[in-house]
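So the sequences go chain by chain: A and B. Take 1 as the starting number for the first sequence in the numbering used here and just add one per residue. Take 1 as the starting number for the second sequence in the numbering used here and just add one per residue.
A hint or two may mislead.
Straight-line Cα separation of at most 20 Å, SDA-like style, residue types lysine to any residue; simulated pairs [stated by the list, open to error]:
(1) Lys220/B to Ser28/A
(2) Lys220/B to Gly30/A
(3) Lys270/B to Gln5/B
(4) Lys24/B to Lys220/B
(5) Lys123/B to Gln97/B
(6) Lys24/B to Leu90/B
(7) Lys220/B to Pro162/B
(8) Lys124/B to Glu137/B
(9) Lys220/B to Arg106/A
(10) Lys220/B to Arg157/B
(11) Lys123/B to Leu109/B
(12) Lys220/B to Val46/A
(13) Lys220/B to Thr41/A
(14) Lys124/B to Gly89/B
(15) Lys220/B to Arg26/A
(16) Lys123/B to Asn96/B
(17) Lys123/B to Gly142/B
(18) Lys24/B to Ala255/B
(19) Lys220/B to Asp62/B
(20) Lys124/B to Pro162/B
(21) Lys220/B to Pro40/A
(22) Lys220/B to Glu29/A
(23) Lys24/B to Ala252/B
(24) Lys220/B to Pro73/A
(25) Lys124/B to Ile134/B
(26) Lys270/B to Asn259/B
(27) Lys220/B to Ser47/A
(28) Lys220/B to Phe32/A
(29) Lys21/B to Ala32/B
If you are wondering where the hints come from, they were derived from the structure by calculation, not from laboratory data.
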Amino acid sequence: MATLRVEVLAPEAVLWRGTAHALVARSSEGDFTVMAGYAPTVGDVVSTVVRLEGTEEGEVRFAVHAGYFRVGPGEAEGETRATLLASVAERVDEIDVARAQSALERAQAALAAASSGDDPTAYVEATEAVARAELRLRAAAR
Amino acid sequence: MAGGQERVLRRRIRSVNSTRKITKAMELIAAAQIPRALARIAANRPYRDAVRGIVGEAIEADRFSARRLVELPEQVETASVLVISGDRGLSGPYNNQNLRAGERLVADLRARGTRVRLAVAGKKAAPYYRFRGIDVERSFAGFVERPSYADAQTIARYLAAPFMEGEVDQVLLVSTRYHSAGRQAVEVRQLLPFVAEEAPAEAPAEGLSGYTEFEPEVAKLLVDLAPRAIESEVFSALLEGAAAFLTGQQRAMAAATENADELARTLTRKMNQARQDAITTEIMEIVGGAEALRSGK
Numbered sequence: 001m002a003t004l005r006v007e008v009l010a011p012e013a014v015l016w017r018g019t020a021h022a023l024v025a026r027s028s029e030g031d032f033t034v035m036a037g038y039a040p041t042v043g044d045v046v047s048t049v050v051r052l053e054g055t056e057e058g059e060v061r062f063a064v065h066a067g068y069f070r071v072g073p074g075e076a077e078g079e080t081r082a083t084l085l086a087s088v089a090e091r092v093d094e095i096d097v098a099r100a101q102s103a104l105e106r107a108q109a110a111l112a113a114a115s116s117g118d119d120p121t122a123y124v125e126a127t128e129a130v131a132r133a134e135l136r137l138r139a140a141a142r
Numbered sequence: 001m002a003g004g005q006e007r008v009l010r011r012r013i014r015s016v017n018s019t020r021k022i023t024k025a026m027e028l029i030a031a032a033q034i035p036r037a038l039a040r041i042a043a044n045r046p047y048r049d050a051v052r053g054i055v056g057e058a059i060e061a062d063r064f065s066a067r068r069l070v071e072l073p074e075q076v077e078t079a080s081v082l083v084i085s086g087d088r089g090l091s092g093p094y095n096n097q098n099l100r101a102g103e104r105l106v107a108d109l110r111a112r113g114t115r116v117r118l119a120v121a122g123k124k125a126a127p128y129y130r131f132r133g134i135d136v137e138r139s140f141a142g143f144v145e146r147p148s149y150a151d152a153q154t155i156a157r158y159l160a161a162p163f164m165e166g167e168v169d170q171v172l173l174v175s176t177r178y179h180s181a182g183r184q185a186v187e188v189r190q191l192l193p194f195v196a197e198e199a200p201a202e203a204p205a206e207g208l209s210g211y212t213e214f215e216p217e218v219a220k221l222l223v224d225l226a227p228r229a230i231e232s233e234v235f236s237a238l239l240e241g242a243a244a245f246l247t248g249q250q251r252a253m254a255a256a257t258e259n260a261d262e263l264a265r266t267l268t269r270k271m272n273q274a275r276q277d278a279i280t281t282e283i284m285e286i287v288g289g290a291e292a293l294r295s296g297k
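Work the whole structure out from these sequences, hints included.
Here's what the structure looks like:
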């Protein structure tokens with residue numbers, strides 16, 4: 001039987017590992033859905049909510065802050081393997097809305113401070129922090 | 001006079017014992033932190049291997065369009081070197097091994113006419129190089145024992161940006177690889193241009209890479225991926241370095257504790273001897289005095 005094995009990996013942990021019916025995400029080229037039998041592909045994932053459909057737990061969603069994915073044949077016959085990599089990612093049902101909200105406020109304050117300063121690194125970091133917090137809130141709100 | 005020596009020895013024994021208490025505590029603390037450091041390495045491994053897998057596959061697929069990212073120019077004008085060592089000492093040879101390997105690497109590069117931009121992680125590194133007249137361009141410190149991914153990102157950004165802009169031709173990393181509790185070795189690795197590594201064991205079989213699709217195309221993907229791949233490599237190196245540091249510290253402190261035990265034993269023996277001497281002398285004096293009194297009668 002054709003199965004899709006999915007791994008969601010972050011630098012400090014394996015966030016999720018199991019079989020799913022489909023993986024829905026967005027790359028810089030557009031939305032895509034990976035199912036069993038998908039052609040071997042390597043690509044990027046932009047900041048978005050990634051959905052795993054038809055897993056044992058039902059639908060599992062992740063807020064992914066930019067990453068990469070790779071699809072290839074798995075070890076077993078007829079198995080397709082999808083690996084999703086993200087330096088920052090979290091399960092949507094584990095997002096703490098209050099914390100994300102305060103993180104957003106902090107990030108916005110940092111951004112305001114950085115835009116008046118002349119440290120480009122701080123500005124980039126603050127921009128990214130704001131984007132992360134916004135995605136988190138958006139993902140949790142849905 | 002004899003009692004004086006005994007007192008001196010007693011004081012030394014007390015001081016050795018309190019030192020021993022400190023080294024023992026440091027040994028236990030390091031030992032307690034090792035499992036967590038190892039767990040972090042294990043948790044990071046799937047991610048690191050997957051990043052390497054993607055980089056490897058992209059390079060395989062199209063070496064030409066991303067030439068600058070995979071081929072070293074004949075004459076390396078400028079190289080960035082990152083040396084990872086510890087924030088603290090008392091960890092056996094850990095710091096010095098890394099620092100010395102870095103020093104050798106810098107000397108080698110310079111001998112070949114390459115300008116070196118040296119960056120270090122760990123508080124111990126900057127003074128070491130400064131003392132030897134080697135300029136340190138950037139020093140990252142304060143997190144080496146418990147690195148976070150954000151720390152790796154900061155370092156990676158510093159390393160990758162000049163390479164991507166073409167100011168630097170090569171990025172090298174000097175760090176300790178943690179192979180096992182008994183074996184850690186200093187290693188020099190080239191981070192950029194990418195080195196096509198032997199693919200990890202779980203990679204799909206050969207021949208399949210022929211028709212892998214890339215989204216976006218390889219050249220663009222690799223340019224984007226390079227800084228993130230460096231983050232991942234730096235993070236893994238920091239994690240392994242932390243484990244190696246703790247292992248080194250545990251071992252060094254265990255040896256120090258043992259030495260303190262040995263020293264305390266020797267000193268106690270000397271002290272007992274001194275006390276015995278003192279008692280003997282005292283008895284001799286009493287006997288001598290009594291003898292003198294009797295014969296004087």
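Lys220/B and Ser47/A were given as a pair; does the straight-line alpha-carbon distance stay at or below 20 Å? holds (17 Å)
Does Pro162/B lie within 20 Å of Lys124/B when you go C-alpha to C-alpha? Violated, at roughly 25 Å.
Between Lys220/B and Arg157/B, is the straight-line Cα distance small enough, at 20 Å or below? The hint holds at about 18 Å.
Given hint Val46/A paired with Lys220/B - CA-CA distance at most 20 Å: holds (14 Å)
Next pair to validate is Lys220/B with Phe32/A; report whether the Cα-Cα distance is within 20 Å. Within the cut-off at roughly 19 Å; holds.
Straight-line alpha-carbon gap Lys123/B to Gln97/B, limit 20 Å: holds (15 Å)
Restraint check for Lys270/B with Asn259/B, where alpha carbons must lie at most 20 Å apart: Roughly 17 Å between the alpha carbons, so the hint for Lys270/B and Asn259/B holds.
Satisfaction of hint between Lys220/B and Lys24/B, Cα-Cα up to 20 Å: violated (54 Å)
Between Lys124/B and Gly89/B, does the CA-CA distance stay at or below 20 Å? holds (7 Å)
Does Lys24/B pair with Leu90/B here, judged by a C-alpha cut-off of 20 Å? Holds - the C-alpha atoms of Leu90/B and Lys24/B are around 12 Å apart, at most 20 Å.
Holds or violated: are the alpha carbons of Lys220/B and Gly30/A at most 20 Å from each other? With a Cα-Cα distance of about 15 Å, the restraint between Lys220/B and Gly30/A holds, given a limit of 20 Å.
Restraint check for Lys123/B with Asn96/B, where alpha carbons must lie at most 20 Å apart: Holds, at roughly 12 Å.
Comparing the model with each earlier hint shows violations of hints 4, 9, 11, 20, 24; every other hint is respected.
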